[in-house]
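Enquirer: Protein chains in written order, with our numbering: chain A, 1 to 281; chain B, 1 to 347; chain C, 1 to 311.
If you're looking for bench data, these hints aren't it; they were derived computationally from the structure.
A virtual CB, placed ideally from N, CA and C, is assigned to each residue, including glycine.
Be careful, since some hints might not be right.
Here are the simulated BS3-like cross-link-like pairs (lysine-lysine), alpha carbons at most 25 Å apart as the crow flies [unchecked claim]:
(1) A:K42 - C:K127
(2) A:K162 - C:K123
(3) A:K207 - C:K193
(4) A:K165 - C:K123
Ranges of calculated distance between the beta carbons of each label pair, as one might list FRET restraints [unchecked claim]:
(5) A:S166 - B:E118: 23 to 31 Å
(6) B:G237 - A:E158: 36 to 44 Å
(7) B:H137 - C:L44: 58 to 66 Å
(8) A:L80 - C:Y248: 41 to 49 Å
(9) B:G237 - C:F57: 55 to 63 Å
(10) C:I297 - B:F127: 29 to 37 Å
(11) C:R34 - A:L80: 20 to 28 Å
(12) A:S166 - B:E242: 45 to 53 Å
(13) B:R21 - A:L99: 16 to 24 Å
(14) A:G249 - B:F47: 26 to 34 Å
(15) B:S195 - C:L51: 39 to 47 Å
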Amino acid sequence: MSLAGESNGAGVGAAPAREKTSPESEVVIDCHIRELYYGTFKAVRDTTIPIVKKSITAFIGPSGCGKSTVLRCLNRMNDLVRGFRFEGHVKYGGQDIYLPSVDPVAVRRYIGMVFQQPNPFATSIFNNVAFGLRLNGYKGDVGERVEQALKQAGLWEEVKDKLHKSGLSLSGGQQQRLCIARAIATQPGVLLMDEPCSALDPVATRKIEELMLELKKRYTIAIVTHNLHQAQRVADRTGFLYVDTTQGGRTGYLVEFGESAQIFGDPQEKHTKEYIRGEFS
Amino acid sequence: MSTTADILETAETTVCQPPSRWQVIADRTFRTACHTFAWVTVIGIVFIVARIILAGVPAMREYGPGFLTGTTWDPNKDAYGILPEIWGTLYSSILSLIIGTAFGVAAAIFLSEGYLGEFVFGALRVFNLHFHPFWTHLPQRLEDLLRNLIELLAAIPSVVYGLWGIFVVVPAIRPVCNWLHLKMGWFALFSTDLSGPGMLPAVLVLSIMILPTITAISRDALTSVPPKLRMAAYGLGATRWETIFAVILPTASRGVFGGVVLAFGRALGETMALAMLVGNSNRISVSLFSPANTLAALLANTFPEARPNEVAVLMYAALVLLAITLIVNILGAVILQQTSKSQQGAH
Amino acid sequence: MSTLDQQLPNSADDMNPFAEVDFFDLEKSLRRPRTLMSVLLSGLVTVMTLLALGPLFSVVWMLFWRGGRKLSIAVFTQLPPSALEAGGGFGNAIAGTLIMIVIATLITVPVGVLSAVFLAKAKPEDKLAQAVRFAAKVLTGFPSILAGVFAYGAIVLLTGGFSAIAGSVAVSILMLPTILLTAEDAIRMVPVKMVEAAIGMGATETQTAWMVLLPTALPGILTGVMLAIARGAGETAPLLFTSLFSNYWPATNGHLNLMQPTASLAVLIYNFAGMPFENQVELAWAAALVLVLLVLITNLAGQALSSRQVR
Numbered sequence: 001m002s003l004a005g006e007s008n009g010a011g012v013g014a015a016p017a018r019e020k021t022s023p024e025s026e027v028v029i030d031c032h033i034r035e036l037y038y039g040t041f042k043a044v045r046d047t048t049i050p051i052v053k054k055s056i057t058a059f060i061g062p063s064g065c066g067k068s069t070v071l072r073c074l075n076r077m078n079d080l081v082r083g084f085r086f087e088g089h090v091k092y093g094g095q096d097i098y099l100p101s102v103d104p105v106a107v108r109r110y111i112g113m114v115f116q117q118p119n120p121f122a123t124s125i126f127n128n129v130a131f132g133l134r135l136n137g138y139k140g141d142v143g144e145r146v147e148q149a150l151k152q153a154g155l156w157e158e159v160k161d162k163l164h165k166s167g168l169s170l171s172g173g174q175q176q177r178l179c180i181a182r183a184i185a186t187q188p189g190v191l192l193m194d195e196p197c198s199a200l201d202p203v204a205t206r207k208i209e210e211l212m213l214e215l216k217k218r219y220t221i222a223i224v225t226h227n228l229h230q231a232q233r234v235a236d237r238t239g240f241l242y243v244d245t246t247q248g249g250r251t252g253y254l255v256e257f258g259e260s261a262q263i264f265g266d267p268q269e270k271h272t273k274e275y276i277r278g279e280f281s
Numbered sequence: 001m002s003t004t005a006d007i008l009e010t011a012e013t014t015v016c017q018p019p020s021r022w023q024v025i026a027d028r029t030f031r032t033a034c035h036t037f038a039w040v041t042v043i044g045i046v047f048i049v050a051r052i053i054l055a056g057v058p059a060m061r062e063y064g065p066g067f068l069t070g071t072t073w074d075p076n077k078d079a080y081g082i083l084p085e086i087w088g089t090l091y092s093s094i095l096s097l098i099i100g101t102a103f104g105v106a107a108a109i110f111l112s113e114g115y116l117g118e119f120v121f122g123a124l125r126v127f128n129l130h131f132h133p134f135w136t137h138l139p140q141r142l143e144d145l146l147r148n149l150i151e152l153l154a155a156i157p158s159v160v161y162g163l164w165g166i167f168v169v170v171p172a173i174r175p176v177c178n179w180l181h182l183k184m185g186w187f188a189l190f191s192t193d194l195s196g197p198g199m200l201p202a203v204l205v206l207s208i209m210i211l212p213t214i215t216a217i218s219r220d221a222l223t224s225v226p227p228k229l230r231m232a233a234y235g236l237g238a239t240r241w242e243t244i245f246a247v248i249l250p251t252a253s254r255g256v257f258g259g260v261v262l263a264f265g266r267a268l269g270e271t272m273a274l275a276m277l278v279g280n281s282n283r284i285s286v287s288l289f290s291p292a293n294t295l296a297a298l299l300a301n302t303f304p305e306a307r308p309n310e311v312a313v314l315m316y317a318a319l320v321l322l323a324i325t326l327i328v329n330i331l332g333a334v335i336l337q338q339t340s341k342s343q344q345g346a347h
Numbered sequence: 001m002s003t004l005d006q007q008l009p010n011s012a013d014d015m016n017p018f019a020e021v022d023f024f025d026l027e028k029s030l031r032r033p034r035t036l037m038s039v040l041l042s043g044l045v046t047v048m049t050l051l052a053l054g055p056l057f058s059v060v061w062m063l064f065w066r067g068g069r070k071l072s073i074a075v076f077t078q079l080p081p082s083a084l085e086a087g088g089g090f091g092n093a094i095a096g097t098l099i100m101i102v103i104a105t106l107i108t109v110p111v112g113v114l115s116a117v118f119l120a121k122a123k124p125e126d127k128l129a130q131a132v133r134f135a136a137k138v139l140t141g142f143p144s145i146l147a148g149v150f151a152y153g154a155i156v157l158l159t160g161g162f163s164a165i166a167g168s169v170a171v172s173i174l175m176l177p178t179i180l181l182t183a184e185d186a187i188r189m190v191p192v193k194m195v196e197a198a199i200g201m202g203a204t205e206t207q208t209a210w211m212v213l214l215p216t217a218l219p220g221i222l223t224g225v226m227l228a229i230a231r232g233a234g235e236t237a238p239l240l241f242t243s244l245f246s247n248y249w250p251a252t253n254g255h256l257n258l259m260q261p262t263a264s265l266a267v268l269i270y271n272f273a274g275m276p277f278e279n280q281v282e283l284a285w286a287a288a289l290v291l292v293l294l295v296l297i298t299n300l301a302g303q304a305l306s307s308r309q310v311r
């Protein structure tokens, strides 16, 4: 099997990607997963993905390939899963966040997350957005920050008159934008989005996509999506993960990583080509 | 989105910072507090049980097992025995359990098998009022109401049931009981007349008090029977009652049984209604109309005016009551736990 | 497939597949023993359910009929009458019940809710969590009189006298399991995705508990507290020989004394129910009405709160 060769190809694919981008681009998160286990189950192996500042990086691949797992590694959400074990490194601004001395809580404050299901708290819209500010003990003008976050999330016009209504009273798409506002209110270094549109209808999806392109000007975004067109539309760089069933398990690994234009226009690997042409899902 | 540029101007700085020293300390304190209180709960309960056991030990040494078989209670002669109370406790509990189970399970079936909907729609059809969207939620509403009413039975304090028993139940059943004694006095259950408080009024009130427990747990067990089993039976042409007896009750039997055991524990420990209704008489009789006594009623009636030596003996009686109820309750808890486990396994 | 193809034209052409079924058989008839049995049993179940509710209506009717007559401002403000005295009330018993319930709630809520937070977050195989849950379940079926026996031994004998404190401790033992188990359920019902959101934003465990878990579970927790209060307020047995009874106010000269025998509604009902004096019996009914209203209102408030629980 030439699997090893393919995964090496990922590293090669990443290198030209970095060269092609503008000189000011810098890698915010340097993620290298050698092996990742849940208990005895090997979920992901040999995956290296750099996440570049003020750009959108997308993870695509068939379901069960571990793309969400990889994303959740980046802010140590996987620590909550029992039996989680990780070999490799994730460097945020040059510092390995998996060192024993690092507090995962602190990591999550710098690397925000938006989940698959919109998950606002059962409190007012205002309090939802102010949540992160309060967590961080923000001393300044909370109202101003909340307004700013809601504006950035494109939700301000819709909710400015009902800030004290429950966040759960909004529609699904609005809830998701509220969750984005909540995540960006503290201005995190990186924003992770785990299939943020999978629970939404096409109109709401479009809005979120537009929002992502807008947010890209100020934030670094990594997104997992099962929607190829979405990745094509919003992502600057795309990584394709595939699942390897040869050793009896279902272990995901990175097949190819590069500029979105190259991944979608001129994929180098056989699996990537098949996936993008829609030959399997 | 023209405002984006303006937004970009303001407050570029991030708020993010690692947890402050204070937050870390608060986190540790709170977690320790939760852990500590969990220990407090366990140790507290162990302490309570141990305390009751230890308080009974001196009298246990002095009176030994003869205490359990003795039938007199006379502080003046220093002669104590609680066989009549043990008998009364078990007899009243078992009788009330029979009545409570019959009615409780019937109510659970009534509440879980969709009778209300039929009644409501049947009644509406009489008035030619069915097919109105307004009625859609009516059966559900009524079912909730009925369930809440049955739960209210459990909310009424037992001392109020005692009061009600003295002034309503006893006068109401007395003529019937005395007639039964007159006509069928040869039958052991009716061998005495009801002169006021007695076993039967106590049992009736007790069964009302344990009924909500049985109904609530049985209803949960009945509704958690997988619909596919029900459908299978109906699909084979079984009538509703054939389905209930052949499929639903057997499947839910463990849950129902767990509820009955819990109710049994409650009946054993119930104090006030019995203290007010059972008659506080130290005798062993199978007659339903005879006054009797139970362990809990003995404690309630004797404790407040007990002399120090008598208190020690009462502690022994409390220990016996604790032993009986603990055994029954733990059994019930284990059964319920196993039921929920096996149900989780089925899903 | 092939066999089906052969059979289909056959059955459609020359015979009705239901020919052997007697259609009158499908009619519902009470002459059929199966159907009759079914109808009879259905009727029986209905009658039994209604019978089970009979006592509730009887109790409520009696309370309003006999207790309502006696109800007046005086019963709330006056002290219990002595043997042949007319009038009087049970103001001190209401005060005593409220005082003991407040103290018992103050003891139980912190222990119960914090233990519940621990339980809700503990791993399933955590030995301590299993022990807590088991202990709480055992306590659910704990005879209330034994709580009194414990408080008598641990507090009355220790402090040398009957007291409101001893009564409160006894009642709190009975309130604990309700508060603990309902709070655990309420906390567990907080959607995982909300907890995930908080953790994803970098909330510490404490921040998650205080800013997400407890506020979201608050209606459920309050329901448990209300139910526990309703139960505690009605408990008589544990008070009989812990707080005993008193014919006087729990406070003298504006100074609350918790270390003396204290009156309570429940014990008053018990004492007066057995008295041969009409006035006392009437007061017992009035007190029962007040007690039941107190319990029911607390109960209904709790249930109203539980319907506001977020899922």
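Enquirer: Does each hint hold? Answer for all of them.
Expert: Each hint tested on the structure:
1. A:K42 - C:K127: Violated, at about 29 Å.
2. A:K162 - C:K123: Status violated; Cα separation ~40 Å.
3. A:K207 - C:K193: Holds - the C-alpha atoms of K193 (chain C) and K207 (chain A) are around 23 Å apart, at most 25 Å.
4. A:K165 - C:K123: violated (35 Å)
5. A:S166 - B:E118: 23 to 31 Å: violated (38 Å)
6. B:G237 - A:E158: 36 to 44 Å: For E158 (chain A) against G237 (chain B), whose Cβ atoms are near 57 Å apart, the range 36 to 44 Å is violated.
7. B:H137 - C:L44: 58 to 66 Å: violated (28 Å)
8. A:L80 - C:Y248: 41 to 49 Å: About 58 Å separates the Cβ atoms of L80 (chain A) and Y248 (chain C), which means 41 to 49 Å is violated.
9. B:G237 - C:F57: 55 to 63 Å: Violated: the Cβ-Cβ distance is about 40 Å, outside 55 to 63 Å.
10. C:I297 - B:F127: 29 to 37 Å: The hinted range 29 to 37 Å holds for I297 (chain C) and F127 (chain B), with Cβ atoms some 36 Å apart.
11. C:R34 - A:L80: 20 to 28 Å: With a Cβ separation near 56 Å, R34 (chain C) and L80 (chain A) fall outside 20 to 28 Å, so the hint is violated.
12. A:S166 - B:E242: 45 to 53 Å: At roughly 48 Å between Cβ atoms, E242 (chain B) and S166 (chain A) fall inside 45 to 53 Å, so the hint holds.
13. B:R21 - A:L99: 16 to 24 Å: Hint holds: Cβ distance 20 Å, inside 16 to 24 Å.
14. A:G249 - B:F47: 26 to 34 Å: violated (51 Å)
15. B:S195 - C:L51: 39 to 47 Å: violated (26 Å)
In summary, the numbered hints that this structure violates are 1, 2, 4, 5, 6, 7, 8, 9, 11, 14, 15.
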